[in-house]
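Novice: Residue numbers (the numbering used here), protein chains in the order written: chain A, 217 to 581; chain B, 12 to 598; chain C, 596 to 947.
Since the hints were made in silico from the structure, they are not lab data.
A hint or two may mislead.
What the hints assert, rightly or not - Once the Cα atoms are required to be at most 20 Å apart in a straight line, the calculated PhoX-like pairs of lysine-lysine come out as:
#: 1; chain 1: C; residue 1: Lys756; chain 2: A; residue 2: Lys301
#: 2; chain 1: A; residue 1: Lys301; chain 2: C; residue 2: Lys862
#: 3; chain 1: C; residue 1: Lys756; chain 2: A; residue 2: Lys367
#: 4; chain 1: C; residue 1: Lys862; chain 2: A; residue 2: Lys364
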Amino acid sequence: MSPAAPGTTTGSTAYETGIGGLGEPPANAYLSVRDLRVHFPTDDGIVKSVDGLSFDLARGKTLGIVGESGSGKSVTSLSIMGLHKPGTVRMQGSIRLDGQELVGAPAETVRGLRGKKMAMIFQDPLSAMHPFYTVGDQIIEAYQVHNKVPKKAARAHAIDLLGRVGIPQPNKRVDDYPHQFSGGMRQRAMIAMALSCDPDLLIADEPTTALDVTVQAQILDLIRDLQRDFDAAVIIITHDLGVVAELADDILVMYAGRSVEYASAHGVFNEPQHPYTWGLMASMPRLDRDPADRLMPIKGTPPSLISVPPGCPFSPRCAYAARVGAACVTERPAFHAPTSAHYLACHLDDGERMQIWSDEIEPNL
Amino acid sequence: MSNPRKKRLLAVTAAAAVTALGLAACSGSSGGSNNAATTTTAAFDAANGKIFNPSDKKGGTITMADEGEPDSTDPGDSYYGYTWDLMRLYGRGLVMFDVAPGDGSSKLSGDLADGLGKPSENAKTWTYKLKSGLKFEDGTAITSKDIKYAITRTLDKDIFPDAPTYFDDLLAWPADYKGAYKSKGVDVKSAIDTPDDSTIIFHLKNSFSGFDYLMTTSQAYPVPEAKDTGAKYKEHPISSGPYMFATYEAGKKFTLKRNPNWDAATDPQRKALPDGYEYSMNVNQDDIDNRIIAGDLDIHVTGTGVTPATQGKVLSDPNLKARADNPTLARLWYTSIPTTVAPLDNKDCRMAIMYAMDRTAYQTAYGGAFAGGAIATSLMPPLIPGSLKKDFYPSQDNKGDLTKAKEALTKCGKPDGFEITMAFRNERPKEKALAEAFQQQLAKVGIKVTPKGFAKKDYFSTYAGNPPYVKANNIGLAANGWGADWNDGYGFLAQIVDSRVIRETGGSSNISVRMPEVDKLIDQAAVETDNAKREALYGQIDTLVMDNAVIYPGVWAKALLVRGKTLTNVFVNQAYGMYDYTSLGKQ
Amino acid sequence: MAGPVSRGRPPDALPVLTYVIRRLIAAAMLLIVVSMIVFTIFYVFPRWAGATPETLATRYVGRTATAETVHLAAQRLGFYDPIWVQYWNWFKAIFVGSTYDMGTSIEHCPAPCLGYSFQSKTPVWPDLLDRAPVTFSLAAGASIIWLLFGVTVGVVSAVRKGSLFDRAAMTVALAGISLPIYFTGLVSLAVFSYALGWTAPGGSYTPLTTNPAQWAYSLLLPWITLSFLFSATYARFTRAGMLETMNEDYIRTARAKGLPSRTVTLKHGLRGALTPIVTVFGLDLGLLLGGAVLTEKTFSLNGLGKYTVDAIGNQDLPRILGVTLLAAFFIVFSNLVVDLLYAVIDPRVRTA
């Protein structure tokens, strides 16, 4: 399935300014982000963590947001949840959840949506759960904040949830403290907590990073199963393309606070268009790869978000910048869709890029 | 100044050499303060020499506070001036100082006794007759045996280590007598005889004309043997006075209530106006001052005066000052001039110091006119009978006479001055200030003074009171002070001018007076039972010492006291140097 | 699934008990060491410095005492015995009691006998029992005030970091920490008690059992004065702890659940910041129970602190020893309580 938003013509305003790229959200979009900019004023200058981001997500669909650390993917998720500390952040653009605008909405309104319509799973379940309360209490609390039910009913609900996320003997383990759980169980409990109010949007921020490989797969399976059961829209945020390969319907690749490529998972994996995505794929371990071939990490480091270079932020690390010339350092590449519903922001000529892909990149993956 | 221990041992050893002279009746005037001056106008010193707010109104509770604790509430184990003032509330002796303002209290009257003691020819035997109808708080009669028992029990210094040792030393106890507890049943007739319940006869080892004074001390208050609880007696001493113990909490508080068995008819002195007294111990002294000023407290019981901080407040506020009294105490702050240190063996060199020193600087060093005291021109404070009213070394505004000082120096052969060391106690900032004042003032005539501080506890035993040390270390000046046990010339002078109390191994408070003619006069006075003659003898001693320039008298100590807001019948009893605690009443 | 549910694993009673017993034994040993140290300071050091039994005894007799009187006192106080005998006699009396000569009778001092005061010849233990309620009242009231006030101010300051309230509160707190209690105490007495007459004057303590209202009235100013100092410390301490805790991941989780910010701050934030506060509180309270020296002295409250000062001023060794031991006991005991409280607060400690 391709991104829900139909590509707009290369003449739109957003396109011209090189920021937006997507048009009106489609009717079935549960979450629509348009031209999101999240800036943090600091003593050293303005940190532009997210600087022009747009995407759409429908219920029952999964979006993978991929990028290196510092690319703005976690900031994006916290912005949707409204979890930035008040007063520290400047948000512009639009986040519409089920038709309701969240940017600029009263904090109390957003709080009422948290947990109920949108929920989040965090990276490290040990530090993300309160060490002094039992797992059950924390799930009960999450349930009761949005549902006026007696404690007993909430507790039964918590046990039920724990059972559904695969915790054995949930009626016993409900009274355990987080430190009494293993890492994988903690993440399952986190998921149970997030699902307690049956949210329509579930954001999983690096849900498996802190876990070992076999557990990772179990957790990802669980998320997929639950998504089917709950019919939720899911965002999985990861630095690892592999995590989303099987799970995601669409993939958004972020770099320096911007989207550089946005397409269906099939499109990104089979015909990635952006040199940065190529780099990510080259650095991704694959079972079908000859172990003799070394992984190819992307050379260089991401730019400082306080002073993002003009032009293409990836250009200093881009092996093909020379083929374009000055535009890469002076002109911000437009976010456009050269082929239907496959957006990217790159100065390379479409034909040349396809040439490079088929000649240089694909054979070496 | 802040040391409440005013009392000092009376060295009876001095009296030992004395032989008896004739005796005349110390005419005891009985009856209280009927014709004393009174005032109802609040003013500075309104209760000093006069009765302030005279009243006969009974009732109320008088509250008192102590920044520390009394050594004991047992009359047999106490040696503070203020406890002696206070214990008259629940104890009576054979004799007492008249309860009267001004000089009125210098008179003695019979208290339990029907009059003063009748001395024998040689003043070695003293006989007292008890009044009739005297009762303890439990209703039992007070007899001569209870007084005998009281005195014998205080001889046990194991149980009562605080009381003075007058009776131990003066009376003719049987050999190896150890007091009522450890020598139980031993006949003490050789010292105290009680031929019947109302007669008591004291047998002294040597003549002593001032024995009546001893009978005013709390040690001689009667104690019923059947009710004696030894070291625990202090928790409830059996009262012979108008008040008795109601409660006692060690280290915190005790309260007195009326003694139903006290008969006012036997006691013309005590007014017994309030219904009770409340005495708090270990109270912060700043707090005491503030509470008295605010009216929450009536009496700062130790009578040592307010803190320097409160002093400033009191003196600068006319309303507060009108509530203050500034009595002179029977205490002299002085400087010894040892004659063993060259060139002070020369009288003229000593006189140079007498002339050169600025008396106002002396006064300032001790805290000024109110807290420090009045400038002293001789030894005996004015409230001691026989004190002199003569300035031996006059100078303009008391600032010192440098011309006469230089003349004296020339006369003694040291026209360019000399060098000496001045000793003072490290713990006493006032004495340090004094030493610096001497240093500054004497430098004007070329006398170089080096102040040197010593530890208080070893001051007399090892340093300033140790003659070899004084001589070897050129100590030409030594800060000193003395307070009388009671207000007579003997109590004041004996310890500081009698050369026979000087011990070559150290430990004497007489540092500088070694005059045989003075010693002779002391002996003469000790057996002189005529008041006027005796007082004249003490005046002669004072004159001799002043003329000889061996003591520089500094200030006669004063205390700044604040009267409780609602007190009536307030006045300073000069015998104790503080308010009389038996006369007070509440509005 | 519903119905009665067991609250986690049954607590292991036995290990807790052995732990407590082990700690109590260690505490007893510590108290013995403390008593030895105090004994050494007041009995042995003076001897090393050249004091003789007689010079030591001169403190406990009148100033005009004769050599014989001093000798008797030294004998009565046992100063002629070897030091270890003196210590043993003192130590033994705690368990078997001791006897004292009152002159007219022999007085038995039952266990726990902490000796008789050198100065007043009264037993020390009843003194301590008598003084402790004053100190307890002072400590209890003040600690409640400073906990409520200090922690509240700290939490609000942390939540509104950088606000006018925060800056004002922290400035006042700094003043509170810097100002000595005898200054704030005397000033507040002068103002509130003597000038305005709102509070009781110093030295007026009414036992709780006599009249609770009067009790609170008499202690109000000491409570406020003492708690001012501690509130300041606790406000700063709480603020720092809250600022740290509010950055924890679990706070973000709590917010992500949609909890109201009050719940996030108090139930999750304050609870997380509680451990260090409880630790410090336990130690402070233990220290305070041994006597709030300056407060009691300033307000003339006859508690253990003033008892200590008076005892030291009088060089009354049995009293010094007794009250020191009691103070040490409170500190050791409160340490133990704090350690047990850890387990209550932090479940991770329970299984560790």
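Novice: Of the numbered hints stated earlier in the document, which are not met by this structure?
Specialist: 3
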